Structure formats: C-alpha cells, structure tokens
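Student: Read top to bottom, the protein sequences are chains A and B.
Just so we're on the same page, my numbering is the position in the first sequence counted from 1, plus 5.
Just so we're on the same page, my numbering is the position in the second sequence counted from 1, plus 1194.
Hints were generated in silico from the structure; no laboratory data involved.
Do not take every clue at face value.
Quick list of simulated restraints, FRET-style, between CB atoms [said to hold, decoys possible]:
# : chain 1 : residue 1 : chain 2 : residue 2 : range
1 : B       : 1286      : A       : 99        : 43 to 49 Å
2 : B       : 1296      : A       : 39        : 53 to 59 Å
3 : A       : 27        : B       : 1229      : 45 to 51 Å
4 : B       : 1269      : A       : 77        : 27 to 33 Å
To list a few chain B residues with every Cβ distance to chain A over 10 Å, as calculated [what the hints assert, rightly or not]:
#  : residue
5  : 1208
6  : 1209
7  : 1240
8  : 1248
9  : 1259
10 : 1273
11 : 1296
12 : 1302
13 : 1303
14 : 1310
15 : 1347
16 : 1352
17 : 1353
18 : 1354
19 : 1357
20 : 1359
The structure displayed is predicted, hence computed values, not measured ones.
A virtual CB, placed ideally from N, CA and C, is assigned to each residue, including glycine.
For reference, the chains in residue letters:
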Amino acid sequence: MSTTATTDDDADLMLQVREGDMDAFTRLVDRWKQPVAHFVYRLLPDADEAEDIAQGVFVQLWKSAGRYERQARFSTFLFTIARNLCLNEIRRRSRHPAESLDARLEPEGDHAPHQFSDPGQVSADHASERAELVSKVDEAIADLPEKQRVALALCREGELSYEEIAVVLGTTVPATKSLIHRAREILKLRLKAYLASGAWEAST
Amino acid sequence: MTPEPPEDWIDDVSGPRPDPEAVRQLRRPGRLTDPERRRLETELALNELLDSRRPPPLSSNFTARVLAEVARESRTERSAEPWWRRLRWVPRLVAFAAVAIVGVVVWNSGNATHRARLAQGAMELGTAATVPGIEAATLADFEVIRHIAASPKPEDDALILALAE
C-alpha cells in the first residue's frame, strides 16, 4: 500500500469520522489494520496481543477523532496513537515483568549465535530453526532502547518517510536517522553470525 | 563512467522503503568500494532479516471486533456520563436565546426610532400646511417642505398682509 497516495483520501475519511461517520471509520480500519498490526507486532511480538493492541489503536483513533486536524497527516496521527499504546504496554510489562515477552523467551546469558553458524545444518529442521532465529531477532530488538526500537519499527513497517517518523517520535529528521542508524548498528553486532550465514533465507 | 553513489546512500538503503532500482545501481561493479559493498550487503541482509519477522495474518473478524468495541465504548461512555454533562446543550440554548433577545430588542428599538421620525415628519408637515399661501402641490415636494421654516418669518407675515390688502 502506498501511504502517500492515500493521504488525502484518509484525511477526508478522518474528517468524516470526526462527524461520527461509521462507514468512513470502517474503511480506514480496513485500509490500515495490516500496517498497524505489523508495527505493533514489531514492538510486541506476540500475535494475539499485537492484534488486541492494534484493535485498541483503532478504538483510540475513533475516540481521538475530534482532535484530528486536516493539517496533520493521517498516517502520523494514527502511528502516534499506535506508538503511545505500545509504549504504555511496554512500560506496563516492565512494571510487571512476569507478564512480559522476555519471560516467555528462553533466558540466555550468551547472546552469541551458534545454531546457524554452519549453513549445512540449517536445513535440518526449518521450523524450529526459524523459531529460534525469530526469537533471537525479537530478543535483540527488545533489548534496544525504547526510542530506537520505535524508530526502527516505524521505519520497517509503518511505511512512513523519515519526516513522518520524526513527527511521530516528536523529534527532528537528523535525530530520527541517528536513532535508526544506532539501532541497526546494535542489531548488526548482535546478529552478526546470522547476517553472515543468511540463515533467515534458509529458514524461511 | 559510473556515477558516484550519493553520500546518503546508507540512509536510503537502511531507511524506509529502499528503492530497488537504487539498490541495483549501487550493486553495479565499480560503483562502491569493497568496504562499501560489504556494508551495503550487510544493510540489505539486516533488512531481510527484520522483514522475515512477519506476523500471522489478522483475524478475519478484526474490523468487526473493532466496530463492536467502539459501539460498546460509546455506550459505556454515555451511561457513565454524569447527568449534568448530558445537559451540555443547555448553555448553547441559553446563548442562542440571549442573542435572539438582543436581536429583537435592537430591531424593536430601531423600529421605534423610525416610527418617531415618521411622526415628527408628519407633525412638521401638518405645521407647514397651516402656513397660508402654500399650495398642496408644494407640500408634495419634500425638498421644498424641508426648506420651509416651521413658523413663518416676520417679513413673510408682512408680505402676506400687504398682499391681502
């Protein structure tokens, strides 16, 4: 989906939503549910919870419709809501670590990857290896500082430009680029062996 | 000659929606130095690794669930609203009534002033009619009437008396 192409349409629909138009709201939900769910999933990688939070994002969108002004791009308005809900959830989890995603992941002191160092072994059990790889990536992302994590998620999933990401994060474009750059540097370091082996390709 | 890569090619490759054509150009032989090419491949590999984390598809009833939740929340909000907040239309009504009253008063006052002016005009017309020697046709001419003094001047009285004799 092209965000830019739909911006005016979305703004129009949002103005109708502000007037209480449920059909316009339904169209917006249908149009944006996938990007929002993907964005949430990148920050809180639990499919069921991501769906619940994505649902909450749209409920909040309905409630906040009165505050929407046409000057604001719809995508940045929507992803600001999504970002806030995700951060609330992440903070809630950090206060109650027993419920957090980290608790579901295997505790591992050594982050150095080893299962995929030999590409010859990769084909042995794709499903379990993929699960392992995904959990490694999730783990590395979960360890990123909050702002870097959100910036990276918006960059990879939100289909937003650097300018739009900067608006959602409430910062400047250079600062946004710096956040994304730093996040990627950390991930490259943490996932070095996987990147070298192409393990994600073999396991997909 | 192969053009130099743009200085911000790393931002383009590692940023939102990297352009496949730009990537293809960067991969052309001689475009990047060896360290730069390694960097490019690592950035692209990281993109692919990050994008490999696809969530399962959303439930088919996702939109229906959102709409149901919105309806439920709207009902809850209405029922949880204190009674005095449901009367939020009252101040609007009062403001509207006040504006309407002010409008009526202003219109009425303007109307009364206009009626008083008409009465004054009629009175002046009546006075003028009593002045001897003024014909009805003259009274029809408002400009003439306006320039006639309310009471006859002494020289006019003298002239009238002289003519009468």
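Student: So, for every hint listed, does it hold in this structure?
Tutor: Each hint tested on the structure:
{"no.": "1", "hint": "B:1286 / A:99: 43 to 49 Å", "in the structure": "46 Å, holds"}
{"no.": "2", "hint": "B:1296 / A:39: 53 to 59 Å", "in the structure": "55 Å, holds"}
{"no.": "3", "hint": "A:27 / B:1229: 45 to 51 Å", "in the structure": "56 Å, violated"}
{"no.": "4", "hint": "B:1269 / A:77: 27 to 33 Å", "in the structure": "29 Å, holds"}
{"no.": "5", "hint": "1208", "in the structure": "6 Å, violated"}
{"no.": "6", "hint": "1209", "in the structure": "6 Å, violated"}
{"no.": "7", "hint": "1240", "in the structure": "6 Å, violated"}
{"no.": "8", "hint": "1248", "in the structure": "8 Å, violated"}
{"no.": "9", "hint": "1259", "in the structure": "6 Å, violated"}
{"no.": "10", "hint": "1273", "in the structure": "16 Å, holds"}
{"no.": "11", "hint": "1296", "in the structure": "30 Å, holds"}
{"no.": "12", "hint": "1302", "in the structure": "38 Å, holds"}
{"no.": "13", "hint": "1303", "in the structure": "40 Å, holds"}
{"no.": "14", "hint": "1310", "in the structure": "49 Å, holds"}
{"no.": "15", "hint": "1347", "in the structure": "73 Å, holds"}
{"no.": "16", "hint": "1352", "in the structure": "82 Å, holds"}
{"no.": "17", "hint": "1353", "in the structure": "80 Å, holds"}
{"no.": "18", "hint": "1354", "in the structure": "79 Å, holds"}
{"no.": "19", "hint": "1357", "in the structure": "83 Å, holds"}
{"no.": "20", "hint": "1359", "in the structure": "89 Å, holds"}
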